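The lines below spell out each chain.
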Amino acid sequence: MSTVEKTEYKVIGTRPVRPDGVEKVTGKAQYGADIRLPGMIYGRVLRSPHAHARIISIDTSAAEAHPGVLAVLTARDLPAAEDKMEDLGESAINVMEVSDNILASKKALYRGHAIAAVAAASGHVAEEALAKIKVEYEVLPPVLDVRDAMREDAPLLSETRLTKSMGGKLSEKPSNIAQFTQFKGGDIAAAFADADVVVEREFSTSMVHQGYIEPQVSTASWNADGTITIWTSTQGAFAVRSLVAEVLRQPISNIRVVPMEIGGGFGGKLPIYLDPVAALLSKKSGKPVKIAMSRTEVFEGTGPTSGTNIRLKMAAKGDKITAVEADLAYEAGAYPGSSVGAGAMCMLSPYSIENFQIDAYDVVVNKPKTAAYRAPGAPAAAFASESLIDELAKKQGIDPLAFRLANSSQAGTRMVTGVPFPRIGAVETTEAAINSPHYKSPIEGPNRGRGVASGFWFNAGMQSSVVAAVNSDGTINLIEGSTDIGGTRASLAMQLAETLGVNYESIRTAVVDTDSIGHNDVTGGSRTTFASGMAVFEAGMDIRRQLIARAAKLWSCSVDDVVYEDGGLRCKVDSTKGLTFKEMAGQQARTGGPLVGKASLVARGAGSAFATHIVDVEVDPETGKVEILRYTAVQDVGTAIHPSYVEGQIQGGVVQGIGWALNEEYFYDDAGKMMNSSYLDYRMPTALDVPMIDTILVEVPNPGHPYGVRGVGEVPIVPPLAAIANAIADATGHRFTTLPMSPRRVVEELNGLG
Amino acid sequence: MARSYVSTRLNGAETDFLCEPRQSLLEVLRDELGLTGTKEGCNNGNCGACSVMLNGRIVNSCCVLAVETQDAEVQTIEGVARGDQLHPLQQAFLNEAALQCGICTPGFIMASKALLDREPDADEHRIRHWLAGNLCRCTGYDKIVKAVLSAEQMQGVK
Amino acid sequence: MEAFDYVAPRSLADAFAHLTNGRSSLMLAGGTDVIVQLREGRRHCDQLIDIKHIPELTVLRFTADGTLEIGAAKPLAEIYEDAEVARRLPGLVDAAALIGGIQVQSRASLGGNLCNASPAADASPALMALGARLVISSATGSREVPVEEFFLGPGRNALKPGEILVQVKILPQPANSNAHYLRFIPRNEMDIAVASAGVRFALNGEGRIEAARVAIGAVAATPLMVPAAAAALNGNLPTEETFGAAGDAASALATPINDMRGSVAQRHQLVRVLTIRALRGALKRIQEAR
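Here the protein sequences come in this chain order: A, B and C. Be aware that the first sequence starts at 1, since it is given in my numbering, and climbs by one per residue. Be aware that the second sequence starts at 755, since it is given in my numbering, and climbs by one per residue. Be aware that the third sequence starts at 913, since it is given in my numbering, and climbs by one per residue.
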């Protein structure tokens, strides 16, 4: 581990066992699908077989008459939703579109779009009933490709959607382009004219799915008093509560969302799909209803990330990148809201570039509404930019990492939005990559090559609430509301232990329901260890302040004379006076009552994350297969609270990136049917497809966090696509600009087949 | 629908249940017997989250009908620890941080145990090959493979 | 999933009684395909006949003359873990050990893989290369067919109503011969063949190839024998040139389709490369056995 300006900590930086670990290795942990309520029945969803169709009529009478069926639902049962935006912290979405995505009202906009739902005594019976629902469709021509959808003569998903441009300007004619955004700086015309070298290419990526192993699942009980309880698998229980309240037009306080353990999300479990459906089926049937998606429904009916087309032109003079002109078109899926904005903002952030123009188009197509996927928008953008940067470096005869270092962002560099960076670790990360054993080792052998690429992600802050209740034996219950998707119970407990100077083992962390803690934004944007960690620190400081006040009273001295250190209190003016944390905990009833630390905050000062990856590949030119031989990921992680889970985030992100680069894609037929909606043919990497993923943690503490935490989870997926493309180019001399670089594409392009 | 009476040995205990022929072993374990440690990831034999031991072999319980387990020997994740005493693989998964979300973990532990019971010193490649039927989307497999190697060490010492 | 009945006969006679009771039936051996097909509504039946408790369907033995008899319901793992099978027929183990992951191999059978009649089934070219024969029985008698005559089209096999595939028979292989099966998949495991090739040949006293058999998969509506490849091999020395000619013959016979697993051009390329590589593999085995 390479370290910069590191503070000495007692708990932070150690690798304890996570609090929820034993339950998860013994099968006792309760995930979304594991709940079983008395009288519970099972729901199933009918989905559109067409990518684009007008719904003429739905006849549910035969399904309702099917033995064992207790409720049937269509969009007619949903209250009319408001045409307004709901802020989800990281993003905002239109409530009417959320509602229409949950159950289609007038049009099916993609294959897999939910049309109706049934609740029955068993899932099998509900499926039998689905087969009896008669839906009459008027099938319309689908539009499946982002550039096709932008054409003036393209079939329109909505006759009334106008293109929104900057400043709220609307187009005159309806269009599938929902939004156009532009970022501009300097003078690109002059810079291109003055450049030593200009490279220009067009890049494409397919839709890919987050691939979380646990399908979406929700169980709801609409109680007799009008309250609704929802047990669900989500990255944000409070976001589910707000959205369900909007869609069902119910007061927020009437809804209680119980977050179950979550089996992966990566951004895909931010939206809601099943929760309002289960709730309404429960209302109709009078019983708790559980709905779980099949794997095919997950692929066809939930949000993958955008397919993209990027036209990019870049120039260099000497060792400097001098101009960039980019045109990014991202598929939003059936409703607006792709990640193109984030892609445009992240694309150039690792570098200080004066002259740029980035055009960004958010485009609807007849595919599932996209959702966030780990650093949403950034990987596809980096695939384009980092590929061209590799070419520029080669043309200028400069080592690709030295070239990146020469252009690296640092404190004060302005992003394309004009916002300057605070202290960041881009330079340190690139330097650590240059000095890594991997980069210093030779790459030898036929058909082998090495590639590098860098990446950037903002990271988010947003709202967190925590409560820390001190028990009379000195143990602590830490109550929080952020979904623990990969070890944050541990990373939060560790920060509280550090703040209070107590043992990690004395803290028990619980993720509780929406009735039991103040608002918490979603676990997304790599924010939980950062923002909830900041809240935990503040709650710990709250306890310290209370303890100091109580000790001062006990010792009849001023609070200014009481010091909290090493998990105890001492009196500056009387060295005979001292109390441990545990002793004070034991006296809380007599010293002022229950000792509870609280914090609710909007976490400002999220520290951006930078990563540089190095990969060695071997290409079989006869079959087109690419083998990953060695992989090293270098990343500025701020402060690694629990280094094992930081490494794990990086390794997981890298392997998702490898899958995206080499094999994963939504493969459609011309009618808009996804042909590979199973784990058999949607090829995520297996253990046999990847090597060990080496990590180098660079620690440049984030000045915006008491322990220097930066989010770590998302940026690791940004560099792999380009790093692997660059490695393949090094191995074969051929540059691939379309993902995935599957054996088919590689063998066809290398051998001129096709 | 007529339900069949099935008598099987589940985690060492004689167990009887009623099921429809179309119900999978996975479905019956979870919905009828309350053993929800076995997870559903794909329900078509491609992710390994539902791995259980059936008559001494590792299988996907989504691709076994519950009626097929008449007179069979079934072991699930719930039968791996002995009371509070974790199996070395379970301890190794904790020590090595080999789980993030944890949904695939029971399947990985069952599959890894099936391997180590047969080949207690399997090397990295063999482990990766054996576990290729178990998908994990969080960890990139690095720490899982290291945990299995570490469990081999723990078992060797024992 | 539609409802169906389940029966588990203990003898062939019982199985035939169920099979001829007028209800639509499907066979259940390992279930790794049929259960999924039923669940996804791709196949339908009134009754599922579990055939893996019938003794004839679970044998694994070499007869006195060296013929290997494999019960059609015998799990793949039990086949490839058999030391004698592994020693005598590595070309069979090649295929049996890569169908699905370990969990699938614990249950899936050669019979199931063959009866599905997928053009991409791994067992088919491997068994065709070995000249395997299939024992098919009904209430009225038994017949044997060469495995290559079993496939009629995607999902269609030569079983007639009332018939059950009982055993796969692999006759003793020629002296100084060996086999190899290879497939190409985008990942390293857990995939369906994009193209595949199974080969077998012997080397005579002069070191020339004889008794060559080449079969290819996933490049036509059924797996194919490639007589032209065998002709290109027989009588010739096992050189790269000879193997190349066989690879060309395999590619020439292929009539692949474009689908989500591969393209026409890719499959033509792959089947040639796989045939050549499988021939090299078989040669290596022959040389190592000396």
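If you're looking for bench data, these hints aren't it; they were derived computationally from the structure. A quick note: this is a predicted structure, and the numbers were derived from the prediction, not measured. Wrong hints could be hidden among the right ones.
Taking CB as the label site, the calculated pair distances span [unchecked claim]:
#, chain 1, residue 1, chain 2, residue 2, range
1, C, Glu1152, A, Lys673, 41 to 49 Å
2, A, Pro446, B, Arg880, 26 to 34 Å
3, B, Gln839, A, Gly754, 27 to 35 Å
4, B, Gln839, C, Glu1152, 56 to 64 Å
Just so you know, even glycine gets a beta-carbon here, dropped at the ideal spot from N, CA and C.
The hints, checked one at a time:
Here the CB-CB span from Glu1152 (chain C) to Lys673 (chain A) is close to 43 Å, well matched to the stated 41 to 49 Å. For the hinted restraint 26 to 34 Å between Pro446 (chain A) and Arg880 (chain B), the CB-CB distance of approximately 27 Å keeps it satisfied. Separated by about 59 Å at the C-beta atoms, Gln839 (chain B) and Gly754 (chain A) break the suggested range of 27 to 35 Å. Checking the proposed 56 to 64 Å range against Gln839 (chain B) and Glu1152 (chain C) shows it holds: the Cβ atoms sit about 59 Å from each other.
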